[in-house]
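**Student:** Chain residues, written in single-letter form:
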Amino acid sequence: MSSFLPARAFAPFVAAALLLSPLSPPPANAAADTVKVGVLHSLTGTMAISEVDVKNATLLAIDEINAKGGVLGKKIEPVIEDGGSDPAIFAQKAQKLIQEDSVVTVFGGWTSASRKAMLPVFERFHGLLWYPVQFEGNECSADIMYSGAQPNQQILPALQWGEQKGYKSIFLLGSDYVFPRTANLILKKHIVHDGGTIAGEEYVPLGGTDFSAIINKIKVAHPQVIFSTLNGDSNVSFFKQMAAAGLPSSKLPVMSFSIAEPEAKAIGPSLLEGSYAAWNYFQSLPDPVNVKFVAAYHAKYPGAPVDDPMAHGYLDVYAWAAAVKKAGTFDIEKVRKAAVTLPFIDVGLGETKFATNQSLVQTAYVGQLLPSGQFKVVWKSSGPIAPQPYDPLTFPGKTCAI
Amino acid sequence: MSESALLWGQLFNGISVASILLLAALGLALSFGLMRVINMAHGEMLMMGGYVAFICTTLFGKGPGLLVGLVVAFVGTALFGALMEITLIRRLYGRPLDTLLATWGVSLVLQQAARSIFGPIGVEVTAPAWLAGSFAIGGSALTGLGIPAVRLFIIVLAALVLGGVTLVIARTRIGLLVRAVHQDRGMADALGADTRRVDLAVFALGTGIAGLAGAALSLISPVTPTVGQSYIVYAFLVVILGGLGSLTGTLLAALVVGLFSATAQIFTSLGFSDVLLLLFVILFIQFRPRGIISQRSRALEEA
Numbered sequence: 002m003s004s005f006l007p008a009r010a011f012a013p014f015v016a017a018a019l020l021l022s023p024l025s026p027p028p029a030n031a032a033a034d035t036v037k038v039g040v041l042h043s044l045t046g047t048m049a050i051s052e053v054d055v056k057n058a059t060l061l062a063i064d065e066i067n068a069k070g071g072v073l074g075k076k077i078e079p080v081i082e083d084g085g086s087d088p089a090i091f092a093q094k095a096q097k098l099i100q101e102d103s104v105v106t107v108f109g110g111w112t113s114a115s116r117k118a119m120l121p122v123f124e125r126f127h128g129l130l131w132y133p134v135q136f137e138g139n140e141c142s143a144d145i146m147y148s149g150a151q152p153n154q155q156i157l158p159a160l161q162w163g164e165q166k167g168y169k170s171i172f173l174l175g176s177d178y179v180f181p182r183t184a185n186l187i188l189k190k191h192i193v194h195d196g197g198t199i200a201g202e203e204y205v206p207l208g209g210t211d212f213s214a215i216i217n218k219i220k221v222a223h224p225q226v227i228f229s230t231l232n233g234d235s236n237v238s239f240f241k242q243m244a245a246a247g248l249p250s251s252k253l254p255v256m257s258f259s260i261a262e263p264e265a266k267a268i269g270p271s272l273l274e275g276s277y278a279a280w281n282y283f284q285s286l287p288d289p290v291n292v293k294f295v296a297a298y299h300a301k302y303p304g305a306p307v308d309d310p311m312a313h314g315y316l317d318v319y320a321w322a323a324a325v326k327k328a329g330t331f332d333i334e335k336v337r338k339a340a341v342t343l344p345f346i347d348v349g350l351g352e353t354k355f356a357t358n359q360s361l362v363q364t365a366y367v368g369q370l371l372p373s374g375q376f377k378v379v380w381k382s383s384g385p386i387a388p389q390p391y392d393p394l395t396f397p398g399k400t401c402a403i
Numbered sequence: 069m070s071e072s073a074l075l076w077g078q079l080f081n082g083i084s085v086a087s088i089l090l091l092a093a094l095g096l097a098l099s100f101g102l103m104r105v106i107n108m109a110h111g112e113m114l115m116m117g118g119y120v121a122f123i124c125t126t127l128f129g130k131g132p133g134l135l136v137g138l139v140v141a142f143v144g145t146a147l148f149g150a151l152m153e154i155t156l157i158r159r160l161y162g163r164p165l166d167t168l169l170a171t172w173g174v175s176l177v178l179q180q181a182a183r184s185i186f187g188p189i190g191v192e193v194t195a196p197a198w199l200a201g202s203f204a205i206g207g208s209a210l211t212g213l214g215i216p217a218v219r220l221f222i223i224v225l226a227a228l229v230l231g232g233v234t235l236v237i238a239r240t241r242i243g244l245l246v247r248a249v250h251q252d253r254g255m256a257d258a259l260g261a262d263t264r265r266v267d268l269a270v271f272a273l274g275t276g277i278a279g280l281a282g283a284a285l286s287l288i289s290p291v292t293p294t295v296g297q298s299y300i301v302y303a304f305l306v307v308i309l310g311g312l313g314s315l316t317g318t319l320l321a322a323l324v325v326g327l328f329s330a331t332a333q334i335f336t337s338l339g340f341s342d343v344l345l346l347l348f349v350i351l352f353i354q355f356r357p358r359g360i361i362s363q364r365s366r367a368l369e370e371a
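Going line by line, the protein sequences match chains A and B.
Residue numbers for the first sequence, in our numbering: 2 to 403.
Residue numbers for the second sequence, in our numbering: 69 to 371.
Worth flagging that the hints you see were computed from the coordinates, not collected in a lab.
As the structure is a prediction and not an experimental result, all values here were calculated from the model.
Incorrect hints may have been included.
Calculated cross-link-like contacts (lysine-lysine; reagent style BS3-like; alpha-carbon spacing at most 30 angstroms) [said to hold, decoys possible]:
hint : chain 1 : residue 1 : chain 2 : residue 2
1    : A       : 381       : A       : 399
2    : A       : 252       : A       : 69
3    : A       : 266       : B       : 130
4    : A       : 326       : A       : 338
5    : A       : 377       : B       : 130
6    : B       : 130       : A       : 69
7    : A       : 169       : A       : 189
8    : A       : 117       : B       : 130
9    : A       : 354       : A       : 220
Generate coordinates for the entire structure from the input sequences, incorporating the hints supplied.
**Tutor:** Written as structure tokens, this is what we have:
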């Protein structure tokens, strides 16, 4: 235990140094020309498949901004933490980033469970989280910038697309957790309101593989389209068993809300070919800014698909940097006030800006899956859609004022 | 499609689900029934079968690849099972908790191995053209009811496997030894039966069937490193409901579970039908603790 001796011997000096430290100037190289931001995604566990890509896109944006000189003359230094696909770890790491690393903001989160777990941490310790994934809405916090789609920017535009195609009878199918349940609650209100019919509503447990009974019910109900909020591997079973039952997407179209380019690659494009997806970004968007973004990403990660949450992760860093420039400071309060007054910017998703409720104004697209695993954009909303955290038809009287 | 067609359709689905459960549970019934070994890695044997099917369909094309895959999956996982028995299970006989932990470890190792070799997001196996269609059935009450060829294929396969295993147990010398060891391990041992080799054979056969099942089920389910986990609980449920050590019991239990869950889903959702199913099994076990077919066996009485 000899190693303890010097430490003990130096203890009075250490204590003195600690007492003096608030007075002494900060170490020149660390604080003067860099600024720390947190990047908090699941790098291990079930969610790692999706979240590692968002982390990569976030880091790409940081690198690009640093290459152009950083923000307010400082280089951005990312502090990367692993949420481990566990909401409790997300909360713990968020606290660590704010308190120990003193980051000026945090980019991260994917599942609603992880966001809900981090929310009280950001409220209590006064941090700012940039959340990149579409979600069920029904939440409104001054400490979160919601760049992922609200229900009225993904689900309801998809319904509008369906109505324009003349689909009256809709079958709702989802995995059994908060997002599909809330999404379908909102969809049902709007389908009935618009004079359509709900052919059926079914849920399978997360990871469920048997769809025989549900497919039978679909056959009896004769819907014109299926709106699917199935998540993960359940999609593989569902599309395989639909094809086996003689109902491929070409016969009975399926609109999925949780299948983007990487999921399509994983499930198998041949199985999904012709099915639809609704997002606010597709890799195939012809926007020249997007072509540049995809090329830059592929220069670092060749051949990897780029999807909506990744584009939002990339966007968040640029929006934060723009807000910091406008505010002239890293102060959280001033940055988030500046963020909602920025003009429209385009980093690949089309024209986007943050509304005063701290959610993103953005365009909705519907894509149809090609055999290549890419989506062909077949529909877009008439313009950028203002975000509504609380659907007025489903949750009347609730508003989000920050 | 009419309401009565829904009923008939669900009847067929019940049998289809039963055939899937039977394939998944048969290997477990053999090793759990005979050797009291709780093989937590049984699901991963199914997973390995799925990956074998993927490799074979990639190498030889969808149709021939599937048939080759079924054979290779059976032989390959049987060999793996034999290896597992010799290196691990054999050393832990009579220590059920240790076997449980050790096989759970094997299951984690295999899942991570699949993740490292094939990646975490699963691979694609699709049915060949001759299994892709469905048979439409005419006739008044059944109009609109289509029977998917791939489900029919799995039912036939399950029946063949069950028939094959029954024949082996009832007609061959190794089957005779298996029955002897099952009835009274000590006495069989004393009379010169090599119980170690019987255990090895049974365990290998059980894992081989699981591999075969995994290859067949890849036609309707995903092939991912963790896919085995979705079968293991239902497989144990079927084995326990059927009664330890009885193949007839396993078959009946698979049918009961499949048909119960399919009929329940006519009236309710998938989630709630699972609740009803578990309630039913719990109640059933209260009245018949030994399952549908209760075997009288000294091995069981001692256990």
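**Student:** Hints broken by the structure, by number, lowest first?
**Tutor:** Checked against the structure, the hints that fail are numbers 2, 6, 8 and 9, while the rest are satisfied.
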